[in-house]
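Undergrad: Residues per chain, in single letters:
Number of protein chains: 2
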Amino acid sequence: MSTALSRLAPTLLLVPALLLAVAAPAPSSPPPAGAEESSVAGIRSLARRLSGELLQRGDTMAALEELCRVAPRRLSGSASADRAVEWAERTMRELGLENVRREAVTVPRWVRGERERLVVVEPSLYAGQELPILALGGSIGTPTRGITAEVVRVTGFPELDALGREGAEGRIVLYDTPMQSALLDPFAAYGQAVQHRSNGAANAAALGAVASITRSMTTRVDDHPHTGGMRYREGVERIPAVALSTAATDRVSSWLAKGERVVVRLELDCRTEEPVESANVIGEVIGRELPEEIVLVGGHLDSWDVGPGAHDDGAGSCHALIAAATLKRLDLRPRRTIRVVLFMNEENGLAGGRDYHARVKDELETHVMALESDRGGFAPRGFSTAVEGKVREDLAALVEGLSELGAGRLFMGGGGADISPLARDGVLAVGFVPDPSRYFDFHHTTIDSPENVNPRELELGTAAIATLIHTVADLEARIDGKPPLTDRD
Amino acid sequence: MSTALSRLAPTLLLVPALLLAVAAPAPSSPPPAGAEESSVAGIRSLARRLSGELLQRGDTMAALEELCRVAPRRLSGSASADRAVEWAERTMRELGLENVRREAVTVPRWVRGERERLVVVEPSLYAGQELPILALGGSIGTPTRGITAEVVRVTGFPELDALGREGAEGRIVLYDTPMQSALLDPFAAYGQAVQHRSNGAANAAALGAVASITRSMTTRVDDHPHTGGMRYREGVERIPAVALSTAATDRVSSWLAKGERVVVRLELDCRTEEPVESANVIGEVIGRELPEEIVLVGGHLDSWDVGPGAHDDGAGSCHALIAAATLKRLDLRPRRTIRVVLFMNEENGLAGGRDYHARVKDELETHVMALESDRGGFAPRGFSTAVEGKVREDLAALVEGLSELGAGRLFMGGGGADISPLARDGVLAVGFVPDPSRYFDFHHTTIDSPENVNPRELELGTAAIATLIHTVADLEARIDGKPPLTDRD
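Residue numbers (my numbering), protein chains in the order written: chain A, 1 to 489; chain B, 1001 to 1489.
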């Protein structure tokens, strides 16, 4: 396997004169105040130009519609994920990105199968009715005859514990654990509630339950179940795990509240097969002066297997792709290299993010910043990073230049799952932050489709990302405060 | 007619002790710096509390759904507008607002009628096909046999002028005048393009045209026509005026570009009838210390006659209504009076805004601020005002306290149509600014419905507005820099 540096070697050979001409600033010297000011004016002007181009042309929306048409339901290891990889590589080449390549990644293969039903047995008044479910990714299936058992409802793990083995054994545990509407940040509400999806089956099985049902992760009350990942626990029985729509959860809970006995039959064909080979897809705009220094921009190419995966994360993939392609098209080649990485397997394994990290771990100092877009294609609000101190202040000053796009705030937060292995090793990780209000209306559902993406909102996100990565890649000094590569051995 | 002051007289009589106890600051003395800081902390805390309440309860969405169900298509002078007035008055009483009342307003009555068709005659290949139109508000109808004429396309008034009488006479002028997608602010794009809807018929008629068709005011290309207001001109023939969907406009233009002759038949039953009586609806939360000083918050109760009018302006009406009702419910009665005004007839006459101004014009100094929400129920971005100087700085400092709601920016801009007569006479006019990306997807269409309003986005708008009006109404000194009423004569 070639390393990032050896891959760049041919480029380096082509531009030695340029490299020698770069007057690298002393590592610790801040840019003069005047330069900072003119740089903010430059950011505003670039943001205006790029947003005008993108809003008029609609390139991101066109790419997203194509990806969702060519490769909907592109779960890792599926034929559709293979089509997504092919589409991404072909599209990068067509858009003129450089060093376009795949990097092989071994991914899990979970298959939903044909049969997926939750049927009411009791109350007898509703017997035979089907309730809208989706198996959770990673769940085992049921025997062919299904699993028929009484439903016991809990509002969380403390209530499950109180129930104990006596209350749970032989039963199906229903986690009626709503995301808290009152929280200002829906991602915080998701963070609180999602443990019941991730660990609900293992915790219920530890008390002898035969299956688990989790209320879908959304603040809306509707009939769309939301799938997502779950984990079994070593040494604990594996039991089937599904998500039930919020409206149906309320319905079942209302029966129980009236003292009705609720019995359901769960039938699932889902299964985990042997891991298969897939790929991250990478393309670049090679830096004109410091090509070996990299500003990474990415999203994840895989989605859940139930919908088009438009917001999650077709939007982020197309943000990254079109941001780089637009800079290339407009001949806005920055000093450093912009590297687009479309990661595979964010949804159920993070194999792509881990693999990328493993490949570059001996040359992490080449990575000046890694930016991920994985919060949907909504109107931009800003960016997030967990970094503190001067690097944060410098980044905040740049981001403030995006305020006309609505993207002027630097929030406290992570960068994104795929770049988290890089972040743990000290790479400056930044997340794109769009408006979060509608994300969980669509997240992991059949309706996460391009018609639920607003074209203006999507393109403004690309404009914000393109402006930021160009600016960071074109700064004289590294934004992350580290010395330039050219100063090292 | 009672004036606002005489209406408040009973209240004043009840609280003389309170009034005497108020230590009014000297008109020009700024609040101490410490107070300002604690005030910003107070704003943040209030914003958090109100957003939590509203996101959890969903009061604004519930009100909006009810208004749109009870009174969809509530154009001024219609039976539905009457139902909207009844609903507003009843709801204000139910929510515990004080001094609830109607103020009679004479409004125009324009009726769309039954028949509204644009039928292709040529190209013969498409003869008989109907193209999606809506008559513009105020348009005259056609004779019963319709108007059949050749279509001539222009991209704007300069091209119309170049066409001259020879090119326009006896023809139907098609204004293919797209809103410019590339502009960052869709309202700016609307501002540029909408003259062709407002004045297209008059300008075309001046050259002898027999009807005018305007491309719908949206950057989307779809099959939903967008209606809106138009004006005839004294001394110029009145000709029928319609809006054509953007997709159909592109279709007709493509025929013309191929050199095809395009002939259409326009059939319209619309007409203007005698003016009728309607009303503004008003309710208050009476100030605990300075009840005669008023912070007005409003939206407009009327809508166009084609859809539910959810974003325009059911959202603004419910923002104002629920903002005040929430403060009342939580016993957050500020020093000054909060007055909710739901204006009638913003869409085709502004009779409500003018009438309100006429009633209060001799006591304008009672109005500390007027805030209107008429840009839809999208995620809040901030507020706008045209005022400069210290008042702007003070307001910006308060608005900055709303940044956690995403509403921290004070933009340059007007307050809103209904409060523009107040603004012209020096009242501090402030507009609520939500994210503008999607507004013109729905504006003046059949699809401006509650299902296209996101509940979280809507409630966050109410929280931002409620926080700002409470804060302004509770400040020690008037935000508008004017002396307190109690210092006068």
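Treat the hints with care, as some may be off.
Reference excerpt, derived from the structure (chain B facing chain A, CB under 8 Å, subset only) [stated by the list, open to error]:
1. R1044
2. R1165
3. L1184
4. S1437
5. R1438
6. N1452
No lab work stands behind these hints, which were simulated from the structure alone. Cβ atoms here follow ideal geometry from the backbone N, Cα and C, with glycine treated the same way.
Undergrad: Against each hint, give a clear statement of whether it holds in the structure.
TA: Each hint tested on the structure:
{"no.": "1", "hint": "R1044", "result": "violated, 11 Å"}
{"no.": "2", "hint": "R1165", "result": "violated, 35 Å"}
{"no.": "3", "hint": "L1184", "result": "holds, 6 Å"}
{"no.": "4", "hint": "S1437", "result": "holds, 4 Å"}
{"no.": "5", "hint": "R1438", "result": "holds, 5 Å"}
{"no.": "6", "hint": "N1452", "result": "violated, 11 Å"}
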